[in-house]
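*Asks:* These are the residues of each chain, in order.
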Amino acid sequence: MALLEIIDVHAYYGHIHALKGVSLTVDEGEIVTLIGANGAGKSTTLKTISGLLRPRHGAIRLAGEDLVACRPHDIVKKGVSQVPEGRQVFTRLTVQENLEVGAFTRSDPRAIAEDLEQVYTLFPRLKERRNQVAGTLSGGEQQMLAIGRALMARPRVLLLDEPSMGLAPVLVDAIFEVIERLHREGTTILLVEQNALKALQVADRGYVLQTGQVVLADTAEHLRLNEDVRRAYLGIT
Amino acid sequence: MGERFRAALRPAVVVGLVGGVMALLLSLVGMVNAFAGRPIITGVLSMGHTLLFLTALVTGMIAARRVLHASRGAGRPVALPGAALAGLASGFPLAVLVLVGQVVNLRAVLQNANPVLYGLLTFGRDPGAGLPQLVLAGALVGSLGGALTLLPGRVSQAVVAGLGTMLLTGLFAELLQGILWDLGVPAATTRLFMVQKGLTVAGALVTGAAGALVQAVWASQTPKVRRRLDALPPERRRRVNVALAAVGLAIVLWLPQVLGSFLSYVLVLVGLYVLMGLGLNLEVGWAGLLDLGFVAFFAIGAYTLAILTSPETGWLALTFWQALPVAVLVALIAGVILGVPVLGIRGDYLAIATLGFGEIVRLLVGSDWLRPLTGGSQGIAHIPRPVLGNIALIGPQQIYYLVVAGCIIVWFVATRLRNSRLGRAWMAMREDEDVAQAMGINLVQTKLLAYGLGAGFAGVAGAIFAAMIGSVFPHSFQLIISINVLALIIVGGMGSIPGVFVGALFLVAMPELLREFTEYRLFMYGGLLIAMMLLRPQGLWPEPTVRLELAESEEPEVPARVTAATSPGQGD
Ligand SMILES: Nc1ncnc2c1ncn2[C@@H]1O[C@H](COP(=O)(O)OP(=O)(O)O)[C@@H](O)[C@H]1O
Ligand SMILES: [Mg+2]
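Respectively, the protein sequence lines represent chains A and B. Position one of the first sequence corresponds to residue 634 (the working numbering), numbered consecutively onward. Position one of the second sequence corresponds to residue 22 (the working numbering), numbered consecutively onward.
Quick caveat, the hints were computed from the structure, so don't treat them as lab data. Beta carbons: idealized from backbone N, C-alpha and C, even for Gly. Hints may contain errors.
Facing chain B, from chain A, some residues (calculated, C-beta under 7 Å) [what the hints assert, rightly or not]:
{"hint": "1", "residue": "N671"}
{"hint": "2", "residue": "L686"}
{"hint": "3", "residue": "R687"}
{"hint": "4", "residue": "P705"}
{"hint": "5", "residue": "V709"}
{"hint": "6", "residue": "Q715"}
{"hint": "7", "residue": "P717"}
{"hint": "8", "residue": "E718"}
{"hint": "9", "residue": "Q721"}
{"hint": "10", "residue": "F723"}
{"hint": "11", "residue": "L726"}
{"hint": "12", "residue": "Q729"}
{"hint": "13", "residue": "E733"}
{"hint": "14", "residue": "G735"}
{"hint": "15", "residue": "F737"}
{"hint": "16", "residue": "T738"}
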């Protein structure tokens, strides 16, 4: 059984039918990427998983447990945490406070302190700036903070929504290195990306989303070689 | 050359005229008249004139800065003349008013444009002699303002501190005389410095010099002392802190003995507003939930105490101490009840909804429907005084201790909350509700706790208020209380705990001590809030992080260097 299962999910914004029967699975320890053009429904898929948007139809399960009936904070508690699109850190809280909010659903102070150290090891720059308010960080640092904050929940599945968006190439590389490192350490990741080339390089499997529907599902390697994908998303003719 | 100077001086004239219009406004709303009766230096300077001079002073300061700015350094030699010019210009609108007033009777339209005002503006002479004097005084004060801008920061801070001290001692000379008398200072000594309601010239010089000196010493010594404190081992530093806190507490506890009944009453009011301010600060400053109906919880705390303790209602006739926790609990529950319907409402709509709640509570307690319980518009009287041991806390001098105890407890709770998991959840929610939710924060629970705890704090204030006054009436719980509390946390610094104390002292004690202000209270609030937003948006005593943020944002960012160093494992 897959760790995360999404089965035939339909989601709406008012009358807008944003997801038209999306199905996908993520296995333990995998990186699965969801690629697609702007407005395809990638963020909407992540929002329905984390409960911020309730699907009108379909099932979402984490290790066999239903998530659709859960409220967003319970879903975090069950082990799904999200790095929202556009690195939305809490700008007026300090770096450390941001990370502590990330651990909001947990109660063991010792384990939290350990994870805090781990995040600081992963992002030494954040440690230097731990008492600085997050609004004063650069874009790259804020993205690191957003990832660190999501890790503080010690998730079973980490949802990343376009972590490379708007970052300089050198920082995009840095972010993807972090993603690979998390993968090596066994974190399960569902990665949404516009940068399909990069995403397909790190991922095990991928799904291509088009106007709210999955049009392709394959291993990352096959997708990278697929003619349609190359033309549409990798900018290669 | 001349052309350049003229270009540099143009902004000065504009600023001066704007300042003049301000002065005109202050005169026409009647503030100059109202404050003329309050001397700063007896026989020499009244508060009414001081208002005009302060306007000219600020005008001069702004003008000097504008001139410097407009001419990019070239204006430095004309900055001082520019400030003088601005001060001069600021006198003109007033002069025009007086001249027009000689020919036309403006009183029919502008109630305060009367001979008394003209007399003040001309220093009691005829316009021919008085008006040149007024304009010249403007120029003089304007150039002082300019000098303050041009002088090095330390010097001008000392001068401002000196003038401020002189002004405050002059303003409160009458109260100070009483205090000195109570302290056993011989009247003959006091009379050297203060006569009637103001300072003597000698007194003005001495207080001004003292203020300047204290500021100068403070500015030069504070960094050294701080560095020395920081160098101390933590154990010793803790002891220093405890000692300082003990001294502070001793002074606070000793105050009512010297201040007498009236000033103690003022401090009690300040304390009640601190209690409410800490509660509203929790809702608005931390959780980001705007609440314009905060008076409701103050009222509920007061009425609950009244109903439970007064023999009039014939209910339980509990003692104050038995009823207090119930009053706080009822206020807390009321907070939660208010929270439920407004859970999904954000921003402006929340302001309107909560505003309505405040009014509903006031109308309900005054309604015929609840008359058996709340006494309708008659209210409830004969609320027994709190008894501690076998001392009845009767006057403000005794209630004061109750308020201080309340403030200390609530302050302690607020400080703990600020750094708790819940406190961080509030602040995360304030920043972004959706992201907070995605971090696993239960919005419903977190919001209701903010409303409930904030309301509980106000309930403490309400209960003490009821016990102090001995009766409660619906009209004691007007919208203005909500506005006061909100204004004081804005002025003190949104989200800042010490800011609540500073804001309450500033906005509650000041108007209470300057009775002439009462009529202009809202006018002053408006002016003060606009000035705060322009000059010091972070508040008088902001939270450390806010201070940091504003300081940081003034520095240019260097993202390239900063971020390149961020990437882990970049070397491979
Ligand atoms: N809050 C919203 N209200 C209405 N429509 C929305 C909202 N968010 C997204 N949509 C619509 O849903 C569709 C999918 O959006 P989204 O999931 O954000 O796409 P992606 O993340 O793939 O770029 C788009 O057509 C978008 O316009
Ligand atoms: Mg998106």
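*Asks:* Does each hint hold? Answer for all of them.
*Replies:* Taking the hints in turn, this is what the structure says about them:
1. N671: violated (20 Å)
2. L686: It is violated, given that the least Cβ distance between L686 of chain A and chain B is near 10 Å, above 7 Å.
3. R687: Violated, about 13 Å.
4. P705: For P705 of chain A, the interface hint holds, since the closest Cβ of chain B sits about 5 Å away, which is under 7 Å.
5. V709: Holds, because the Cβ-Cβ distance from V709 of chain A to chain B comes to roughly 3 Å (cut-off 7 Å).
6. Q715: This interface hint holds because 5 Å falls under the 7 Å limit.
7. P717: Holds, because the Cβ-Cβ distance from P717 of chain A to chain B comes to roughly 6 Å (cut-off 7 Å).
8. E718: violated (10 Å)
9. Q721: holds (5 Å)
10. F723: At 4 Å from the nearest chain B Cβ, F723 of chain A passes the 7 Å test, so the hint holds.
11. L726: At 6 Å from the nearest chain B Cβ, L726 of chain A passes the 7 Å test, so the hint holds.
12. Q729: violated (10 Å)
13. E733: holds (6 Å)
14. G735: holds (6 Å)
15. F737: Since chain B brings a Cβ to about 5 Å from F737 of chain A, closer than 7 Å, the hint holds.
16. T738: holds (4 Å)
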